[in-house]
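K.L.:
Sequence:
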Amino acid sequence: MDFKMFEGSLVKLRAVRDEDFEIIENWYEDTYFLRNVDTAIALPKNNDEIKSMYDPDDDIIELMMCPLENDSPVGFISIYNIEWNNRSGTIAIGIGCESDRHLGYGTDALKLMMKYAFNELNLDRLDLEVVEYNHAAHMLYEKLGFKFGGRRREAVLRDGKRFDILIFDILRSEWTKG
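Numbering follows this note's numbering, in which position 132 of the sequence shown is assigned residue number 124; successive positions increment by one, without gaps.
If you are wondering where the hints come from, they were derived from the structure by calculation, not from laboratory data. Quick caveat, the model's predicted, so the values are computed rather than measured. A hint or two may mislead.
To be verified - Pairs of lysine-lysine residues, derived as BS3-like cross-links and limited to a Cα-Cα distance of at most 27 Å, are as follows:
(1) Lys(-4) x Lys135
(2) Lys37 x Lys135
(3) Lys107 x Lys135
(4) Lys139 x Lys103
(5) Lys(-4) x Lys103
(6) Lys153 x Lys(-4)
(7) Lys107 x Lys139
(8) Lys153 x Lys103
Generate the whole structure from the sequences, applying the supplied hints.
P.N.:
And the structure:
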């Protein structure tokens, strides 16, 4: 039996620590991060604002993503909007610095979080949202078995242009345990 629930081939997932907030604050200075992790107004956040985002809640699980070789976070992954009665939740992921993107960390973290969601939390369904211009993300989600479920048309306004939000989901029965 695999007892490394939060350790993959490239990353480990761990709880948020006080010393992480300075690193996370730097992520909120990066335009790419701001425009892909959220559809809210791209606005830098200070340490106190970031800490409040990570306040404990019964319907959210927030974990930091760190390379196996150290404990310095390169991103976050979370399951939020958990509806325990419906056994469903929404997954979100973000890689903070450009130099840490496209290295496989996100793929590894998503596999770990899906395994955790289906095996440990006993969820039956995960969904996520992504802005249509984030092509690398939709390709990753489809590669991991997520299905395109619909779109919220022209839901995001960026630089005077409208973009759809794409909705993907995966059921436990569709998930491959690999």
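K.L.:
It remains to establish, for every hint, whether it holds in the given structure.
P.N.:
Here is how each hint holds up against the structure:
{"no.": "1", "hint": "Lys(-4) x Lys135", "result": "holds (23 Å)"}
{"no.": "2", "hint": "Lys37 x Lys135", "result": "violated (32 Å)"}
{"no.": "3", "hint": "Lys107 x Lys135", "result": "holds (15 Å)"}
{"no.": "4", "hint": "Lys139 x Lys103", "result": "holds (15 Å)"}
{"no.": "5", "hint": "Lys(-4) x Lys103", "result": "holds (13 Å)"}
{"no.": "6", "hint": "Lys153 x Lys(-4)", "result": "violated (44 Å)"}
{"no.": "7", "hint": "Lys107 x Lys139", "result": "holds (17 Å)"}
{"no.": "8", "hint": "Lys153 x Lys103", "result": "violated (33 Å)"}
Violated hints, listed in ascending order, are 2, 6 and 8; each of the other numbered hints is respected by the structure.
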